[in-house]
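Please model the entire structure based on the sequences and the hints provided.
Chain order of the listed sequences is A and B.
Heads up, the first sequence is in this note's numbering, so the first residue is 1 and it goes up one at a time.
Heads up, the second sequence is in this note's numbering, so the first residue is 1 and it goes up one at a time.
The set of hints was computed from the structure by calculation and includes no laboratory data.
Since the model is a prediction, treat every value here as computed from it, not as a measurement.
By construction, the Cβ of each residue, glycine as well, lies at the ideal position given by its N, Cα and C atoms.
Mixed in with the good hints, there may be bad ones.
[Stated by the list, open to error] Going by beta-carbon spacing under 8 Å, a handful of chain B positions derived as facing chain A:
1) Met-110
2) Ser-111
3) Thr-118
[As the list claims (entries may be wrong)] One side of the interface only, derived from the structure: several residues of chain B facing chain A at Cβ under 8 Å:
4) Pro-86
5) Tyr-90
6) Gln-102
7) Met-117
8) Gly-119
9) Leu-121
10) Glu-147
11) Arg-181
12) Ala-185
[Unchecked claim] Covered stretches of chain B (chain A as the covering partner; in silico rule of three or more C-beta atoms under 8 Å from a C-beta of chain A):
13) 94-101
14) 242-251
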Amino acid sequence: MFYREAGDFKTSYREDSQTFPIKFDRLRFYAVLAIAFGVIPLFINDYWANAVAVPFLIYAIAAIGLNILVGYAGQVSLGTGGFMAVGAYAVYKLMTAFPEVSVFIHVLLAGGITALVGVLFGLPSLRIKGFYLAVATLAAQFFLVWLFNKVPWFYNYSASGQINAPDRTIFGVFVTGAQTSATAKYMFCLVMLTIVAVLARNLTRGTIGRKWMAIRDMDIAAEIIGVNPLTTKMTAFAVSSFFIGIAGALFFAVYLGAAEVGESFGIQKSFLILFMVIIGGLGSIFGSFAGAAFLVLLPVFLKNVLVGMLGWPTDLAAHIELMIVGALIVIFLIAEPHGLAQLWRVAKEKLRLWPFPH
Amino acid sequence: MNDMSEGYVTADGRKIGGTLMEMKNITLKFGGVTAIQDISFDIRDGEIRAIIGPNGAGKSSMLNVISGFYIPTEGSVYFKGVKRGPMKPYQVAQLGIARTFQNIALFDGMSVLDNIMTGRLTLMKSGLLSQAMWWGGASKEEDEHREKVEKIIDFLEIQSIRKTPVGRLPYGLKKRVELARALAAEPKILLLDEPMAGMNVEEKEDMCRFILDVNDEFGTTIALIEHDMGVVMDLSDRVVVMDYGKKIGDGTPDEVRNNQDVIDAYLGVSHD
Chain A
1 MFYREAGDFK TSYREDSQTF PIKFDRLRFY AVLAIAFGVI PLFINDYWAN AVAVPFLIYA
61 IAAIGLNILV GYAGQVSLGT GGFMAVGAYA VYKLMTAFPE VSVFIHVLLA GGITALVGVL
121 FGLPSLRIKG FYLAVATLAA QFFLVWLFNK VPWFYNYSAS GQINAPDRTI FGVFVTGAQT
181 SATAKYMFCL VMLTIVAVLA RNLTRGTIGR KWMAIRDMDI AAEIIGVNPL TTKMTAFAVS
241 SFFIGIAGAL FFAVYLGAAE VGESFGIQKS FLILFMVIIG GLGSIFGSFA GAAFLVLLPV
301 FLKNVLVGML GWPTDLAAHI ELMIVGALIV IFLIAEPHGL AQLWRVAKEK LRLWPFPH
Chain B
1 MNDMSEGYVT ADGRKIGGTL MEMKNITLKF GGVTAIQDIS FDIRDGEIRA IIGPNGAGKS
61 SMLNVISGFY IPTEGSVYFK GVKRGPMKPY QVAQLGIART FQNIALFDGM SVLDNIMTGR
121 LTLMKSGLLS QAMWWGGASK EEDEHREKVE KIIDFLEIQS IRKTPVGRLP YGLKKRVELA
181 RALAAEPKIL LLDEPMAGMN VEEKEDMCRF ILDVNDEFGT TIALIEHDMG VVMDLSDRVV
241 VMDYGKKIGD GTPDEVRNNQ DVIDAYLGVS HD
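Right under this line is the structure:
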């Protein structure tokens with residue numbers, strides 16, 4: 001009833017091409033921002049931060065990164081875990097080598113280093129496509145994990161082979177290390193996610209986004225209208241890896257605190273994030289959020305229901321939980337192959353006509 | 001054929017300029033198959049030039065040579081008097097040569113507006129950082145180019161489908177959107193590969209009108225391949241006729257119509 005375009009006239013192209021053209025959407029967006037920044041930090045505790053909020057925020061960053069590569073530029077990648085590991089080890093080396101520099105800068109630099117590595121492993125995409133490219137990026141995954149395991153320089157020759165995040169502050173508040181409060185973790189990740197989401201939205205709506213989508217939809221035609229496939233694919237790999245590197249840096253430094261590469265950044269992580277992107281919706285920023293929320297919240301929700309409400313033993317619940325999540329993913333993909341973002345779009349279309357659909 | 005190297009005036013009084021593009025002794029081979037054999041012709045500034053011929057004559061290959069998609073085995077292409085070296089297709093696009101395809105090659109996942117905006121990619125200059133911030137440069141540039149694109153949308157009468165994803169459009173409209181995308185690049189030469197294929201009479205008439213208007217209003221030089229002889233004879237100023245990879249006729253529609261080789265190629269000759 002309130003969700004209408006009618007009467008909301010646009011008088012400039014800028015107004016017409018804004019992110020939320022419908023006023024209701026705009027207000028809802030501001031409300032979500034206000035709650036995320038103003039309300040949740042006041043109430044968040046360690047359980048909610050560690051089980052739900054922080055992993056959701058970090059996975060959302062990684063999902064946006066992968067969505068740019070897979071959903072917008074159409075280059076399949078199974079190397080996400082490896083690229084997150086690059087971000088994690090880069091931020092670790094930077095934090096230990098330059099303790100006086102702000103960790104915020106370190107995280108951004110870690111993203112930059114991951115971007116370079118991403119471009120390097122993206123080079124085969126000029127020659128190979130589809131499944132074959134997926135296999136090539138899989139090589140990146142295994143190589144990077146092997147590298148961080150085998151070369152002691154990366155984990156500063158520690159006996160355990162693990163990396164541990166040292167205590168670092170931003171504006172005098174601890175954001176990494178054991179003394180970090182739930183609010184600080186949450187806010188740091190939220191700020192990074194907001195920055196990443198805004199950058200991703202801007203890039204995908206402009207010239208570079210159109211180049212990516214042109215390459216995705218028909219690469220030969222794209223080349224004939226003047227898209228250079230080399231630079232376009234490489235920027236897609238660079239931007240995507242930049243975001244994934246930030247996600248990896250935060251995952252290690254803020255969320256885990258200590259990491260071992262094979263365990264934290266293995267092939268499972270690559271698949272998890274790819275599932276998030278596919279379930280959320282390829283080629284949609286909102287879809288990245290939705291997919292991350294779905295795969296982070298669903299297990300927590302199921303655990304609470306099975307163990308908390310039904311009183312099942314924890315180990316049984318853990319197995320059943322996996323089965324239910326797997327079944328839901330399959331059912332969901334059959335029902336709506338274009339992901340949660342498409343469901344959301346359909347819902348909005350319906351809402352626009354409600355309550356008089358004819 | 002009369003000598004017209006300094007340009008000429010058409011029957012309907014349009015002034016045609018000098019040579020814009022020249023194909024000199026083009027031969028194209030795929031392994032043992034010779035698709036084009038020693039063909040030379042020119043395209044003049046402001047004219048509508050048609051390439052016709054029976055199926056398999058090598059017309060599309062010729063268009064692909066012009067648009068830089070194929071590199072000729074022998075011979076060379078001169079653009080504005082300068083010999084064109086081997087180039088990537090995207091570099092040819094930057095020279096100001098745009099084309100449409102026989103089988104529509106639009107970006108199905110994008111809206112009509114975005115598809116047409118891709119036509120202007122070669123003209124948009126803002127860098128990655130400026131776009132990421134969406135501050136000043138990129139945003140302003142986007143608005144300027146949107147304005148130009150809206151003019152083309154008006155021109156081709158596709159305002160109502162501006163925000164529709166291209167995948168949902170019917171065939172005739174897709175052809176029109178493809179023309180819009182090529183026009184958006186403000187090309188010097190527009191190459192149309194069978195613009196009327198698969199259209200009904202009304203759609204053909206619309207398309208003819210658009211092609212003539214484009215030539216008239218923007219002064220765009222047009223080279224087209226078409227099978228509908230009525231359309232070709234009405235639209236074009238000069239026609240190249242190909243058969244089995246060879247040029248068998250070149251001249252105004254009337255000259256070509258009365259050329260014995262051309263008649264033989266189309267109607268066949270008895271070999272007894």
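Structure-based check of all given hints:
Contact between Met-110 of chain B and chain A, as hinted, is supported at the beta carbon level, the nearest pair being about 5 Å apart and thus within 8 Å. For Ser-111 of chain B, the interface hint is violated, the least distance from its beta-carbon to any beta-carbon of chain A being 10 Å, above 8 Å. For Thr-118 of chain B, the interface hint holds, the least distance from its beta-carbon to any beta-carbon of chain A being 5 Å, beneath 8 Å. Below 8 Å, beta-carbon pairs count as interface contacts, and Pro-86 of chain B has none with chain A, the closest being about 15 Å; its hint is therefore violated.
The closest approach between the C-beta of Tyr-90 of chain B and any C-beta of chain A is roughly 5 Å, which is under the 8 Å cut-off, so the hint is satisfied. Residue-level restraint check for Gln-102 of chain B is violated (minimum Cβ-Cβ distance to chain A is 12 Å; threshold 8 Å). Using the Cβ-Cβ criterion of 8 Å, the hint placing Met-117 of chain B at the interface with chain A is satisfied: the shortest such distance is roughly 6 Å. For Gly-119 of chain B, the interface hint holds, the least distance from its beta-carbon to any beta-carbon of chain A being 6 Å, beneath 8 Å.
A least Cβ separation of about 5 Å between Leu-121 of chain B and chain A falls short of the 8 Å threshold, and the interface hint therefore holds. Because the smallest distance between the Cβ of Glu-147 of chain B and any Cβ of chain A comes to about 7 Å, under 8 Å, the interface hint for this residue holds. Taken as an interface hint, Arg-181 of chain B checks out: its beta carbon lies about 7 Å from the nearest beta carbon of chain A, inside 8 Å. Satisfaction of the interface hint for Ala-185 of chain B is found here, the shortest Cβ-Cβ separation to chain A being roughly 7 Å, below the 8 Å cut-off.
A stretch counts as covered by a chain when three or more of its residues have a beta carbon under 8 Å from one of that chain; for the stretch 94-101 of chain B and chain A the count is 4, and the coverage holds. Counting residues of the stretch 242-251 of chain B whose CB falls under 8 Å from any CB of chain A gives 0; the rule of at least 3 is not met.
When held up to the earlier numbered hints, the structure conflicts with 2, 4, 6 and 14 and fits the remainder.
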